[in-house]
Amino acid sequence: MKISLFVTCLCDSLYPRAAEAMVRLLARYGIALHFPDVQTCCGQPAFNSGYWQEAKASAHTILEAFEESDYVLSPSGSCTGMIHHYYPELFADDPVMLEKAFRLQKKTFEFSQFMIRVLGIQDIGATFPHKVTYHPSCHGSRLLGVKEEPLLLLEQVKGLELVPLPFAEDCCGFGGTFAVKMSDISGAMVSEKVDHILETEAQVLVGTDMGCLMNIAGHLHVRKEPIRVMHLAELLYEGVSGHAISRS
Amino acid sequence: MNEADREVLLRLEKESRSKQERFMQQIADRLGRQRVTEKPEHPFKGAPPEWHRYALDQEEQIALFSDNWKKAGGHVFRFPHLEAAKQFIAEKAEELRAHAIIRQNQPELNALDWERAMPDVEMVVWQTEQAADVLRYAAGADIGITMADYGVAYTGSLVCTSSGDQGRSVSLLPAVVMAILPAERMSTRLGEVLAHFDGRPRAEFPAGIHFISGPSRSADIENDLTIGVHGPGVVFALIVG
Amino acid sequence: MRSADPSTVQERVRHALSDEFLRNAVKFTTERLRAGKQAASEEHPNWEEWRERARQIRLHTIAHLDYYLQEFVENARANGVHVHFADTAEEAAALTLEIARLRGARSVVKSKSMVSEELHINQALEGAGVEAVETDLGEYIIQLAKEPPSHIIIPAIHKNRYQIAELLSKEAGEELPPDTTALAGFVRRKLREKFLEADIGMTGCNFAIAESGSIVLFENEGNARMVTTVPKTQITLMGMERIVPTWADLEVMATLLPRSATGQKLTVYMSGISGPRRAEDRDGPEQMHLIIVDNGRSLQLGDPHFQELLNCIRCGACLNACPVYRHIGGHAYGSTYSGPIGAVLKPALNKNVAEWDDIANASSLCGACYEACPVKIPLHDMLVYLRQRKVEQGERSREESTGMKGFRYVMSSHKRYGRALRWARVMQKLLLQDGVIKVRIGPLKGWNSYRHTTPLPKKSFREGWQALEQDIQREHGGMDERVRERLRRYLEGQEKGSKGDE
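Residue numbers (my numbering), protein chains in the order written: chain A, 1 to 248; chain B, 1001 to 1241; chain C, 2001 to 2502.
The hints are simulated quantities; they were obtained by calculation from the structure and are not laboratory data. Here the structure is a predicted model, which means the values were calculated and not measured. Note that CB positions come from ideal geometry on N, CA and C, so glycine has one too. Hints are not guaranteed to be accurate.
Here are the simulated BS3-like pairs of lysine-lysine, each with C-alpha atoms no more than 27 Å apart in a straight line [what the hints assert, rightly or not]:
1. C:Lys2445 to A:Lys224
2. C:Lys2190 to A:Lys56
3. C:Lys2405 to C:Lys2445
4. C:Lys2459 to C:Lys2496
5. C:Lys2445 to C:Lys2459
6. C:Lys2415 to C:Lys2459
7. C:Lys2415 to C:Lys2390
8. B:Lys1014 to C:Lys2232
9. C:Lys2027 to A:Lys147
10. C:Lys2376 to A:Lys106
11. A:Lys56 to C:Lys2390
12. C:Lys2405 to A:Lys56
13. B:Lys1045 to C:Lys2376
These stretches of chain C come out as covered by chain A in the derived footprint (C-beta under 8 Å, 3 or more residues) [unchecked claim]:
14. 2010-2017
15. 2366-2379
16. 2386-2398
17. 2405-2416
18. 2437-2450
19. 2455-2468
20. 2481-2489
The shape of chain A in the complex, shown without the other chains (with noise of 0.2 Å):
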């Protein structure tokens, strides 16, 4: 059975960390991932702004990559979102890569989606001491409908408390290239999911995509708050292992 490791290009070149987690916390149950390295970008940034064909070349490169695999684990809920919402819209007008993309929505997962939905696992053995608060993310939770997933498993961990953040459900003011266009409205956006999560005044904030929280990470360093930015498998790596991933 070949259980495939989609990276994402963010994970990929800034947090590999992340990616690597994953890796670890699956091989602990006899998951060897494995990784095609003709993988890119899913081909949100251009698709979400309105660039299909560059999307699309971009696109081609994941199909490729996945086309023998049984499953797709991503460490993100945005871009599983992309291959389960958008990619049959944006091969609509090409049935050979529309075959192709509709196989693959089947068998990608975001991975807590994974761990809970097939795996069937909650309770990994972490144990994780620390106040905590969790952001969901917008494209995870609405786009891909992973909402409880993520909570179940952080749940188990031992020792961790949870502390709900207000507002959990409003949008950190990512949004790709919005953040880059539209940067005053996403600067108050960011700035005002940082005061809900500075009230819960949790040590660690967690969440299932890297690009809500380099965004959220990238704030509060301005302001100079010592919160630990966490992805979810990063910190569940940490709790079953004792230590965080160290990459040399």
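Chain A is fixed; fit chains B and C onto it per the hints.
Okay, now just chains B and C, sitting in the frame of chain A:
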């Protein structure tokens, strides 16, 4: 209406008819098909099917209605018979120092002896006066009294329909409105009342159907709830039976 | 319209973001409405099923719009209504003026109507010397301020009581206290007279019922009832898509609209008007006119991406849920309709792509609007489609276009992508400052105005993969049998499921 006006209306009517054809044809063209002239199958008509099974008994209906009506800022009282409701209205009128009252020309109300209950109050009955005056009178009235045609427990609504004997103004223009609902006219769901209007012959169709669910209100100034903006600020639902 | 309205979206946004009162007011109001909706949708059983039902009713009606509109029109005529059709805003205004002339009208009282705002009817009436008075409290306030509404449901959301007291004091000719009850009391007295004197009452239309030719109005203040009860003539403006087939269908809309808008179980008044007063009636209009308006609506028909836009019931829930609206308010959208629905409706009603401004870009595509929508309009998808059409039709900025060409070049080959990463890692050394990137140049300008950017790590994931893979193989054995079993079963279940779907 004079001749010139009639001519304008006729011309507008003619223009409208020819435009209507183009309008409908354009819709069909845009939808990429022929005109639909036969009634289409409507498989999703109305509320979800299981909602129709939602039914409360009369006491539950009245309890739910009262709860909703009060939450919206209205007052509810219950009486064993109309006579007691009339007595209550008389007491309230005295308490509110009402001078002018208007009421509908409905048989249930006509059967009551208002004169004796409120000898000092002027009470005008809808329809018996000249139209213009009666509107002005209603606008200046302290209290309007009406029987309601239906009640809806789930939304906390009373329904008043218009006719020659039932002015729309009576439940709208006075500062205080007293609406009497015989308990058996209460229903659980909104759809039960709406069903009365589906398929009703045109000759029996009222020009105005008004669902009323509390006092007139607005939150347009800084979200601050204000009662009695244009309609009545005080509304009593008097349930009889 | 406001004369000093800054012209571009960016300028309007900056203007809005610097207005502290506006931002707090919008936040406070949208939070109140959103909480109300939340409670109302949780209290009503099977909310999701009702949403789907409402969507189906709207889809069905729009798919058969020629039939239902025709049925409605014929029934309205049989009820004694004078029905008119307007393709454009200008035609609707011209018809309104013709009716006003016919009735010798000097004044019109109006209840809140978004379509009348869209058509700028007030300006047309005033131009012809007919007084037009908005009677919804919020609309009256913004009419005095000469501003467009900034929210579909709460038009004067952006005004505080002091500003309102000032506006109303001018009208009253005396100093009014900044007290809500006193201010509303003044408006009640003032408008009471206007109602009684007006020649024409003008309304919008929330729903039109095909089977009986009735229009249905939802409101809380009672001004729509006044407008349809007191004046001798009534004019109703109605978007051509406002139809529902039957009164039974109205139950679904009446359940979802107020709950989604304000959290009410039903608005204080829901009025069904079926023609002018009957011969024996003593109130209600003697003559009733209905103007059915297209104004760009029919352009959505048959468009696979935008037809659902016609399903909108104008509840405003998407505004209250929208994190962008929350920060910039309604005026920044620069059109009658604001929020997510406005961002889509404005360009959609006007298909000339070159004339759209950047409003479709003012969204993070978070999907909160779709989740809030009682008829499930995928507004977040539509925003993407709008952007796509703009690009497809050649309306693109050079900067972005160049950036996207670069994206395509790099992302269409993993080798180029790998090289680009290595190159970026070298280049970023020039920009590093205290371990992060803070410079505000090029595409980093806006981003870094609010954030510090983490640098690329020493190795990308793909560069470290070989070592990681070896590590894993060394440390762990084969796949756990139970895991294998679950994976197999899930795949089989999916196969079956997908066959079942077909």
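Taking the hints in turn, this is what the structure says about them:
For the given pair, C:Lys2445 sits about 20 Å from A:Lys224 by alpha-carbon distance, which is consistent with the 27 Å threshold. Proposed proximity of C:Lys2190 and A:Lys56 is contradicted: the alpha carbons are some 62 Å apart, above 27 Å. Taking the CA atoms of C:Lys2405 and C:Lys2445, the gap is near 20 Å; set against the 27 Å cutoff, the hint holds. Between C:Lys2459 and C:Lys2496 the CA atoms are separated by roughly 42 Å; this puts the pair beyond 27 Å, and the hint is violated.
Proposed proximity of C:Lys2445 and C:Lys2459 is supported: the alpha carbons are some 26 Å apart, at most 27 Å. Taking the CA atoms of C:Lys2415 and C:Lys2459, the gap is about 15 Å. The hint holds against a cut of 27 Å. Of the pairs offered as hints, the one joining C:Lys2415 and C:Lys2390 is violated, with about 31 Å between alpha carbons and a cut-off of 27 Å exceeded. Between B:Lys1014 and C:Lys2232, the direct Cα distance comes to roughly 23 Å. Compliance with the 27 Å bound is thereby established for this hinted pair.
Our distance criterion of 27 Å between C-alpha atoms is met by C:Lys2027 and A:Lys147, whose separation comes to about 25 Å. A C-alpha spacing of about 24 Å is found between C:Lys2376 and A:Lys106, which places the hinted pair at or below 27 Å, so the restraint holds. Of the pairs offered as hints, the one joining A:Lys56 and C:Lys2390 holds, with about 17 Å between alpha carbons and a cut-off of 27 Å not exceeded. For the hint linking C:Lys2405 to A:Lys56, the alpha-carbon distance of about 12 Å falls within 27 Å, and the restraint holds.
For the given pair, B:Lys1045 sits about 18 Å from C:Lys2376 by alpha-carbon distance, which is consistent with the 27 Å threshold. Given as covered by chain A, the stretch 2010-2017 of chain C passes the check, having 4 residues with a CB less than 8 Å from a CB of that chain where 3 are the minimum. Under a criterion of three residues with beta carbons nearer than 8 Å to beta carbons of chain A, the stated coverage of the stretch 2366-2379 of chain C is upheld, 5 such residues being counted. Under a criterion of three residues with beta carbons nearer than 8 Å to beta carbons of chain A, the stated coverage of the stretch 2386-2398 of chain C is upheld, 8 such residues being counted.
Restraint check on the stretch 2405-2416 of chain C versus chain A: 8 residues with Cβ-Cβ distances below 8 Å, three needed, restraint holds. A count of 6 residues in the stretch 2437-2450 of chain C with a Cβ less than 8 Å from any Cβ of chain A is obtained; the coverage claim is therefore met, three being the minimum. Beta-carbon proximity to chain A at under 8 Å applies to 10 residues in the stretch 2455-2468 of chain C; the threshold of 3 is reached and the given coverage holds. Three residues within the 8 Å Cβ limit are the bar, and the stretch 2481-2489 of chain C against chain A gives 5, so the coverage statement holds.
Going down the numbered hints, you'll see the structure goes against 2, 4, 7, while the others check out.
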